[in-house]
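Asks: Letter by letter, the chains look like this.
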Amino acid sequence: MSIEDRAMSVNRRGFFKISSALMGGILLEIHLPLVANADNGKPALATAFVEILADKSIQIYATSPEIGQGVKTSLPMIVAEEMDADWGDVRVRQSAIDKPTYGRQEAGGSESVRASWDMLREAGATVRLMLLRAAAQQWRVLPDTCATEAGYVVHSTSGRRLHYGDLAIAAASQAVPAKNELHFKEKADYRILGKRITGVDNFGIVTGAPLFGIDQKLPGMLYACYEKSPALGGTVVSSNIDEIKKLNGVVDAFVLDGNGNSEELAAGVAVVGNSTWAVLKAKRQLKIRWDESQLVPSSWSQDQLTAKEMMKRPGTQTVTNKGDVDAAFVDAAVVIEGFYQTPFLPHAPLEPQNATAWYKDDEIEIWAPTQAPHDAVRFAATIFDVPASSITLHQLRAGGGFGRRLMNDFVFEAIAISQKMGAPIKLQWTREDDMAHDCYRVGGFHGLKGAIDKDGRISGWQDHFVTYTTDAKKPARGANLNSREFPLALLDNAKATSSSLPVALRSGWWRAPGSNALAFVMQSFIHELSVAAKRDHLAFLLELMGEPRWLDPGNTRSLNTGRASEVIKRAAQEIDWGKSRLSGQGLGLAFHFSHRGHFAVAADLSVDEQKHVTINRIVVAGDAGPVINLSGAEHQCKGSVIDALSTLAALQVSFENGSIIESNFHQYPLLTMKQTPPIEVHFIESDFSPTGMGEPAFPPVAPAVCNAIFQACGERIRELPISNSGFTI
Amino acid sequence: MPTTSITINGKSHDVQSLDPEMPLLWYLRDELGLVGTKFGCGIGSCGACTVHINGLPMRSCRTPLSMLAGQEITTIEGLSGSDVLGPLQKAWVALDVPQCGYCQSGQLMAASALLVNNPQPTDDDIDAAMSGNLCRCGTYPRIRAAISMVANETLNPPTGVQIYDLETRNNLGEQT
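Keeping their order, the protein sequence lines are chains A and B.
Under numbering that gives the first Met the number 0, the first sequence has 277 at position 278, and the numbering climbs by one with no breaks.
Under numbering that gives the first Met the number 0, the second sequence has 99 at position 100, and the numbering climbs by one with no breaks.
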């Protein structure tokens, strides 16, 4: 059955709705105008991804949430390239949240580009072919004799040209081509991909236009804040809401019991008023007695002692056990041990959590800066017992994400408050709320032991990983160790076990989950082993990689040792590895494979007597396949380096009695401009499918810097942040 | 009777009926709809809420209305005066400075105050003036470059950059 035959019905907007099953089950919906009419404001040609408007401009819909990773620019670039549009004609708008049409719409796991690459190329190539065929028909020539050229269809022999805008109406009546009819551009012919394209919201950002979740305003909207128990899961015994209700600007105050699941809707006290300031001021005067009697009094200081005790025994779970590790240690020329520790981290996006919700009689409307809009709708349907089809979510730009907004607790709180008020409300968290009620990157501990044989190679590796669990069953989010982790999968003799500490905090995915801590531990210990073996670290790393191959044969999503070696060599070359150094100066190197990206980082720094670290230069060498937007890709990598420097320098949160101690940026010192070193980014653009840039440059930064600090001053750092060992940046 | 009028982007506003403790930030955002000024920390430690008060960069989250009678305030919405974009804003777009963009209006206000007082800042001057404005995404290298670009009057997009926005392209004098 041809795609045209599947034309089903005329929908209420007067468009034919044609659905074709493309992309392994993801539906590409093409909306074609019933009557093409450029005069009534309707697009002359409209698909779910592209509209050609009456003024000949091309409107492309960005399908994923924008959180600063640049997809609102890079995803439309892919469509525009395959459409062979002139980028100057392109306007970008955020698409509707619509899973049947767009498939995955989530900002997480550096997946947006990788997961939508094929779909967006097909969306662009489909429109391009329809435009080309429309021109051929008009000129009465064979389509094969026509080509496209940056927004025009051209006839090669006669030299005739027509702008896409002049062809849109005719193109809309062309049959939608089948997938096997589509032609994709050769990389050499790209006009848009791989170039430097500036962000599509830049103009709005620099003029202060309302773009973000926090900027949302509706007629009749009330403002709300929500106070929760300092320790997770506390319930309200009593409160002074009767006094609070009398305060100026306060409309109402009430207790919400929550739904019993602190990951979704925790118990607390809501204050609703006429302005943000009125409710924030009233919130400070809240007096609430919490029932925390059933809660576990989690303690970070106690956990650190317990973890060290646990290291005396093997872990309770086996991660991997290959070769003969015990024999390797007996036969070893050198054996070394190291106890590594990484802290709990909040996400701290600069825009505190907020959401606007309107619980109407039979439907819920949400405006949210979320990373996971489909989850927000799906969970809201369950929590509030309404059909998902009655919930509409408007995706708004987010002031940073870093994984925090994969959780939608703030959305559900806004809905619950709106339900109670019967009015649209905007819920605003404070920075203190955000620090106290995050879903944290949990801490972790590793007891490592390594063996070097008489030839100076790693002959044995043993790890006991003490991680956290929040449900007494599985590891917390982003806190597991698997047998394919680097370097376990590369070694002949490796044994890793794990154990879990319980913690009464919510856990979450944090930029480069898992890798953000594991890279520091593994790459630092590999460096320790190279030092113990009296070997050059670069040669040692390359030897570990061995011959170019996929680590999981046939799995092109696994680590490729050839790609790894190339980026390691490039980073070393760019940092001038092996050059003569001044006293107190050190070079450090590290590699990590995360989110399908192969990334190496090299650091050149100096350490003075007061343990102050001056970073002279950081070099990133990365292979994430072809670069989509060079401006965005470079920016993401530099941002990842700065985020990683920030984190390794001084960032951590601690907790006692189940409550987070740090409350605001004065206790969570993000890196500043004057601490930011020169950073260089080098891409090795291999021909594999492109993968995301938001995360993979982060993990190798901490070990590269700590390895350089060791070379500079002889002190091995096994605990992050380095401020705990007296170092400053 | 003391004056209760404050001037914001050249327009006078009477704030007599409002809570004198209300920080300027929330007055701008909720009462005037000038939402370019952002809430980040509420304690004056991140800089997202930076505005100019009598030309000086100040934290609007820590400045109550009661302190502002008779003062002249400029927000990001008034930064370019009668132009569509000021030079710093053009440089910000051309160098593709924003990532999430949330801190950028505060960064721009801090940068413009710097250049008024010190039109030819050294890199150290820029670092010193800008290090109170946090960027969680790490856009500092491009902020620094954009300020230098304006200070050195080399306001041209680097070779090979395609500016998305037509209005900006026109303002940069680019042929379109």
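Hints were generated in silico from the structure; no laboratory data involved.
Check each hint, because a few of them may be wrong.
[Stated by the list, open to error] Short derived list, chain B residues pointing at chain A, Cβ under 7 Å:
hint, residue
1, THR3
2, GLY43
3, CYS45
4, TRP91
5, GLY100
6, CYS102
7, CYS136
8, TYR163
[Unchecked claim] Label-pair distances were calculated between CB atoms; the ranges are:
hint, chain 1, residue 1, chain 2, residue 2, range
9, B, PRO19, A, GLU655, 36 to 46 Å
10, A, ASN247, B, THR6, 42 to 52 Å
11, A, LYS673, B, GLU152, 40 to 50 Å
12, B, ALA127, A, ASP535, 34 to 44 Å
13, A, GLN301, B, SER65, 45 to 55 Å
14, B, GLY159, A, SER155, 27 to 37 Å
Don't be surprised by glycine CBs; every beta carbon is placed ideally from N, CA and C.
Asks: Determine for every hint whether it applies to the structure shown.
Replies: Evaluation of the provided hints:
1. Evaluation of the THR3/B hint against chain A yields a violated restraint, the C-beta minimum of about 17 Å exceeding 7 Å.
2. Evaluation of the GLY43/B hint against chain A yields a violated restraint, the C-beta minimum of about 9 Å exceeding 7 Å.
3. Given the 7 Å rule on beta carbons, the hint for CYS45/B holds: about 5 Å separates it from the nearest Cβ of chain A.
4. Interface hint status for TRP91/B: upheld, as the beta-carbon distance to the closest one in chain A is roughly 5 Å, under 7 Å.
5. Hint status for GLY100/B: holds, given a least beta-carbon distance of 4 Å to chain A, under 7 Å.
6. Taking 7 Å as the C-beta contact cut-off toward chain A, the hint placing CYS102/B at the interface holds, the least distance being around 5 Å.
7. Interface hint status for CYS136/B: upheld, as the beta-carbon distance to the closest one in chain A is roughly 5 Å, under 7 Å.
8. The closest approach between the C-beta of TYR163/B and any C-beta of chain A is roughly 5 Å, which is under the 7 Å cut-off, so the hint is satisfied.
9. A hinted range of 36 to 46 Å holds for the C-beta pair PRO19/B and GLU655/A, which are about 38 Å apart.
10. ASN247/A and THR6/B have their C-beta atoms about 26 Å apart, which leaves the hinted 42 to 52 Å range violated.
11. Taking the beta carbon of each, LYS673/A and GLU152/B are about 24 Å apart, not inside 40 to 50 Å as hinted.
12. Remark: the range hint 34 to 44 Å for ALA127/B to ASP535/A is upheld by a beta-carbon distance near 40 Å.
13. As the Cβ distance of GLN301/A to SER65/B is approximately 46 Å, the hint placing it in 45 to 55 Å holds.
14. Look at GLY159/B against SER155/A: about 29 Å separates their beta carbons, and that is inside 27 to 37 Å.
When held up to the earlier numbered hints, the structure conflicts with 1, 2, 10 and 11 and fits the remainder.
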